[in-house]
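2 protein chains.
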Amino acid sequence: MDYKLIDGKATAAQIKQELAAEVEKIKAEGGKIPHLAAILVGHDGGSETYVANKVRTCEEIGFKSSLIRFEADVTEEELLRKVDELNNNPDVDGFIVQLPLPKHISEQKIIEAIDYRKDVDGFHPINVGRMSIGLPCFVSATPAGIIELIRRYGIETQGKHCVVLGRSNIVGKPMASLLMQKAYPGDCTVTVCHSRSTNLAEMCRQADIIIVALGVPEFLKGDMVKEGAVVIDVGTTRVPDATRKSGFRLSGDVKFDEVAPKCSYISPVPGGVGPMTIISLMRNTLLAGKKAIYAE
Amino acid sequence: MDYKLIDGKATAAQIKQELAAEVEKIKAEGGKIPHLAAILVGHDGGSETYVANKVRTCEEIGFKSSLIRFEADVTEEELLRKVDELNNNPDVDGFIVQLPLPKHISEQKIIEAIDYRKDVDGFHPINVGRMSIGLPCFVSATPAGIIELIRRYGIETQGKHCVVLGRSNIVGKPMASLLMQKAYPGDCTVTVCHSRSTNLAEMCRQADIIIVALGVPEFLKGDMVKEGAVVIDVGTTRVPDATRKSGFRLSGDVKFDEVAPKCSYISPVPGGVGPMTIISLMRNTLLAGKKAIYAE
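Residue numbers (the numbering used here), protein chains in the order written: chain P, 1 to 296; chain U, 1 to 296.
In case anyone wonders, no lab produced these hints; they're calculated from the structure. The model shown is predicted, which means the values in this text are computed figures rather than measured ones. There may be inaccurate statements among the hints.
Every beta carbon over 10 Å from chain U, so not counted as near; a handful from chain P, in silico [to be verified]:
hint, residue
1, K16
2, D44
3, G46
4, T49
5, Y50
6, N87
7, P90
8, Q98
9, K103
10, Q206
11, R238
12, V239
Simulated DEER-style distance windows between Cβ atoms [as the list claims (entries may be wrong)]:
hint, chain 1, residue 1, chain 2, residue 2, range
13, P, N88, U, R56, 44 to 52 Å
14, P, E227, U, N169, 29 to 37 Å
15, P, G271, U, K291, 29 to 37 Å
16, P, D2, U, E227, 54 to 62 Å
17, U, G222, P, D223, 28 to 36 Å
18, P, S195, U, A242, 50 to 58 Å
19, U, A13, P, V216, 56 to 64 Å
20, U, G159, P, E24, 49 to 57 Å
21, U, K4, P, D2, 33 to 41 Å
In this text, a Cβ means the ideal position worked out from N, Cα and C, and glycines have one as well.
Chain P on its own, in the form it takes in the complex (with noise of 0.2 Å):
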């Protein structure tokens, strides 16, 4: 079959610029410049990359933003009260406390902390179950960088078997629960198999999309997967290899070589769902300064 490749660094970059052209129209208006603020804490080396990324693609679009540091041995209530002061700053749209945290922190209380109006990476328990009863809300990231993707490749889902390889809460589940709701992309027949199934390969040779999550580098083999399926790869892992100057390349979750030749579309690693993370964490900070989800 000819695979077509769904290029999410291009798609991301156009939707940049979508972004970028808004923050325009907005400051011609008078508007007032959607705000990212992002707490870290500690100098974790891919978190420190991932802020980095972050204030640089708001510089990028034209958003304000606000990079808030702690030292690792930060207190609860000392990370408690400045998401209480980012909460309370009207001049602020939507922050995010970037994970993971020290052990000695709940992370889950410090999410629950966070005002929901506010919660662009859509970790808050309101936003999760809003986004399954079907409500407007912020969707985190990867699945609404998925769905985009879907999305603008007109890929069609309607009806179709849509089985998604893990159960994680910030990918598998709310992608489940995206692809069962009654609108486009969705009203798939949901599949959601993880490291207990014990029919995931039958399941897999079924279905007319897979996304695969389960960060295990290569997983999904060519005889998984019927021929014309939708296979998206949201597997990053970092394996060793002497012949980058890194040391280590990124590998996804799919065998790419084996798989590709059976599908209609499919994302690679790197290029793929990667690029449009970032890009919808974007697009929330845009709604969250637009007041577009949740009114005042």
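Since chain P is already given, all that's left is putting chain U on it; use the hints.
This is chain U only, laid out in the frame that chain P set:
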């Protein structure tokens, strides 16, 4: 196959005794008797019956109950004021607003106005979201009742393929959410089928557990079920029946005579899931009274 009947009536009666024993213990220790309040708007026959049953069951268990009535022309503001009053009444541990509400009132607005810590119906987005995330919460009555039946009958779920027919916010979606959690009952591969599904019968034939919540009388036929399946019937449609004094009988979503012989376990209608629903609300009321899910 020699199927085993899942007797919801007997199980509910058993749980009712357990709850009554807990109330006795609370009384003996001088604790606060759990108090459920119910708001009933208008005089819809079904709603009157449901609320009357809830109040009666409270009395039988030994809970305190309050019935608050409004005429069908009550304004949304009046209703919201009452919700606020109940939120702030320390004697009321949990309360429900019987649905449906008259068209001029936004059900969602009322539901979201309820303090989630008193939301024993489990309809508030915070409770829905926490359930999805896997955090302690009030689970709505029908899914909670089904989970309890599975638990009390010791039905294996880990690694099993559970097919949920229906994607309603009060049954299908929460059932899917609960059965995919890392828990018992749970750890299932879960498939959600609905009106738009094109592979529904095919999915059912592969299922170890089928939960039918479509509201279509006798929808699930014998040839849609594999040998040894567990079938749980959530349907309760009133169908005309001239041989009954009432003029109708309750029909489930399962063609029982055809399906039952193939099952390992099957729940009948009536006497299956139905009796578990009120009892699950009662269990939530006890949990609310004990502040077992949310501390003050």
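Against the structure, the hints come out as follows:
| no. | hint | result |
| --- | --- | --- |
| 1 | K16 | holds, 30 Å |
| 2 | D44 | holds, 23 Å |
| 3 | G46 | holds, 23 Å |
| 4 | T49 | holds, 26 Å |
| 5 | Y50 | holds, 21 Å |
| 6 | N87 | holds, 16 Å |
| 7 | P90 | holds, 23 Å |
| 8 | Q98 | holds, 19 Å |
| 9 | K103 | holds, 19 Å |
| 10 | Q206 | violated, 7 Å |
| 11 | R238 | holds, 26 Å |
| 12 | V239 | holds, 26 Å |
| 13 | N88/P / R56/U: 44 to 52 Å | holds, 47 Å |
| 14 | E227/P / N169/U: 29 to 37 Å | holds, 36 Å |
| 15 | G271/P / K291/U: 29 to 37 Å | violated, 50 Å |
| 16 | D2/P / E227/U: 54 to 62 Å | violated, 42 Å |
| 17 | G222/U / D223/P: 28 to 36 Å | holds, 33 Å |
| 18 | S195/P / A242/U: 50 to 58 Å | holds, 54 Å |
| 19 | A13/U / V216/P: 56 to 64 Å | violated, 47 Å |
| 20 | G159/U / E24/P: 49 to 57 Å | holds, 53 Å |
| 21 | K4/U / D2/P: 33 to 41 Å | violated, 53 Å |
Of the hints listed earlier, those the structure fails to meet are numbers 10, 15, 16, 19, 21, in rising order.
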